[in-house]
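Asks: Sequence:
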Amino acid sequence: MKKFFTALFAVITAIPAVTYFAGCFTPYISPVSFSPMAFLALGFPYLAMVILILALLWIFIRPKVALLLFLLFFAGFKNLFSTFALNPSPTSKVIRDTGSLRILSWNVRGFDNPSIGLDTIHSVRRQMFNYISAVNPNVLCLQEFAEYYLKGTFSNTEELKKLGYIYFKRTDELSLRDGNGLVEAGSAIFSKIPITASSKVMLGDPSYPEYLLSADVSFQNKPIRIFSTHFKSLHLFANPLDTGNRVKLYGDSNFVYRESKLPKLKAFGQAHAREAVIAKEAINKSAYPVILGTDMNSVPTSFSYHKMSENLQDAFKLNGWGLGATMDSLPKTLRIDFLLVDKKLLITNYHKDEKHLSDHFPHFIDVKWNK
Numbered sequence: 004m005k006k007f008f009t010a011l012f013a014v015i016t017a018i019p020a021v022t023y024f025a026g027c028f029t030p031y032i033s034p035v036s037f038s039p040m041a042f043l044a045l046g047f048p049y050l051a052m053v054i055l056i057l058a059l060l061w062i063f064i065r066p067k068v069a070l071l072l073f074l075l076f077f078a079g080f081k082n083l084f085s086t087f088a089l090n091p092s093p094t095s096k097v098i099r100d101t102g103s104l105r106i107l108s109w110n111v112r113g114f115d116n117p118s119i120g121l122d123t124i125h126s127v128r129r130q131m132f133n134y135i136s137a138v139n140p141n142v143l144c145l146q147e148f149a150e151y152y153l154k155g156t157f158s159n160t161e162e163l164k165k166l167g168y169i170y171f172k173r174t175d176e177l178s179l180r181d182g183n184g185l186v187e188a189g190s191a192i193f194s195k196i197p198i199t200a201s202s203k204v205m206l207g208d209p210s211y212p213e214y215l216l217s218a219d220v221s222f223q224n225k226p227i228r229i230f231s232t233h234f235k236s237l238h239l240f241a242n243p244l245d246t247g248n249r250v251k252l253y254g255d256s257n258f259v260y261r262e263s264k265l266p267k268l269k270a271f272g273q274a275h276a277r278e279a280v281i282a283k284e285a286i287n288k289s290a291y292p293v294i295l296g297t298d299m300n301s302v303p304t305s306f307s308y309h310k311m312s313e314n315l316q317d318a319f320k321l322n323g324w325g326l327g328a329t330m331d332s333l334p335k336t337l338r339i340d341f342l343l344v345d346k347k348l349l350i351t352n353y354h355k356d357e358k359h360l361s362d363h364f365p366h367f368i369d370v371k372w373n374k
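4 is the number of the first residue of the sequence shown in my numbering; add one for each residue after it.
Since the hints were made in silico from the structure, they are not lab data.
Only a predicted model underlies this, so the values are computations on that prediction, with no experimental measurement involved.
Hints may contain errors.
Derived Cβ-Cβ restraints for the label pairs, each shown as a range [what the hints assert, rightly or not]: (1) P266 <-> I62: 36 to 42 Å; (2) T123 <-> F28: 50 to 56 Å; (3) K154 <-> N314: 47 to 53 Å; (4) K154 <-> Q223: 42 to 48 Å; (5) R249 <-> F28: 32 to 38 Å; (6) N314 <-> I119: 45 to 51 Å; (7) S202 <-> I119: 32 to 38 Å; (8) A137 <-> V14: 27 to 33 Å; (9) P66 <-> N257: 51 to 57 Å; (10) A137 <-> A200: 29 to 35 Å; (11) D122 <-> K347: 28 to 34 Å; (12) A200 <-> Q223: 17 to 23 Å.
Virtual Cβ for every residue (Gly too), placed ideally from N, Cα, C.
Please model the complete structure; the sequences and the hints are all you need to start from.
Replies: Structure representation (structure tokens):
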């Protein structure tokens, strides 16, 4: 009987072990080439926990099997080190060091409701602008920024200009129209420092346009190129009855609203990988050191993340602690917002605030030139 249960437990162990081993290759194999990689990337942190638990259990059954499982666990080192930050003394502070450049990145979800009639001292929109004012970054990398051309609404651009961000570039890739007027949305860069040049690159799907936006600024008389971008939202809970400004994926206006969650995870995982290849090619052409603030809608175990972070420093990995989730309502393994920094710059501070204002948390860095 003991042999039977040992054999049964071996079979139970083999299934997650093989799956975990396959998941170790998500940084290297694009889901465009092999679609299961999109699911393995999402499940990798949970698989890692399962393998670790199984290894501990096998210590009491067959230590040699436990050793093999521990070795398998560390075979996923690239994904493990991308998912977990284990800095014994993480640097996280609000007060800026003298002589540093502060960059704040935030998916602001349109800065909430822009209605003038709903504006109060405690409104979400007002709190968001107050937060930016308190943190006082030099440059803002914003995703899902929206400008409203509707009667009875505030201008988000004008609000930021009042805070000193008089230099700005916006992508305005999404134009949403209704009977009341126009809303333009996309990525944006707002700066207190003059922007000397800018560009934007479409990330491959004109039916659902997303752009990589860049702006050049000078820090201590040396140029830096700052990027802001947003990869496609997954729309897992899209309302099939929505007949308004429908999102198209590669020209298909029904996919997002009719398909179930698993086909969406596959399709958008592939879309993000394609976007990452295009964006990284553009970033690599920069003549200046780069800083990227992005909502990638991809986890740190994905091909997209590893492609984008090549030869760049992940501010959270170097200065953070734990899982670093950047969304306020989804599983804590979902770190999908990133600040990636050129190695010519020294990251002296990484700070994330769990502000429940947007559906994403704001995070910012302070950098200096690396001597």
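Asks: Does each hint hold? Answer for all of them.
Replies: A quick look at each hint next to the structure:
no.	hint	verdict
1	P266 <-> I62: 36 to 42 Å	holds (41 Å)
2	T123 <-> F28: 50 to 56 Å	holds (52 Å)
3	K154 <-> N314: 47 to 53 Å	holds (48 Å)
4	K154 <-> Q223: 42 to 48 Å	holds (45 Å)
5	R249 <-> F28: 32 to 38 Å	holds (36 Å)
6	N314 <-> I119: 45 to 51 Å	holds (46 Å)
7	S202 <-> I119: 32 to 38 Å	holds (34 Å)
8	A137 <-> V14: 27 to 33 Å	violated (56 Å)
9	P66 <-> N257: 51 to 57 Å	holds (55 Å)
10	A137 <-> A200: 29 to 35 Å	holds (30 Å)
11	D122 <-> K347: 28 to 34 Å	violated (43 Å)
12	A200 <-> Q223: 17 to 23 Å	holds (18 Å)
Against the hints set out earlier in the document, violations occur for numbers 8, 11.
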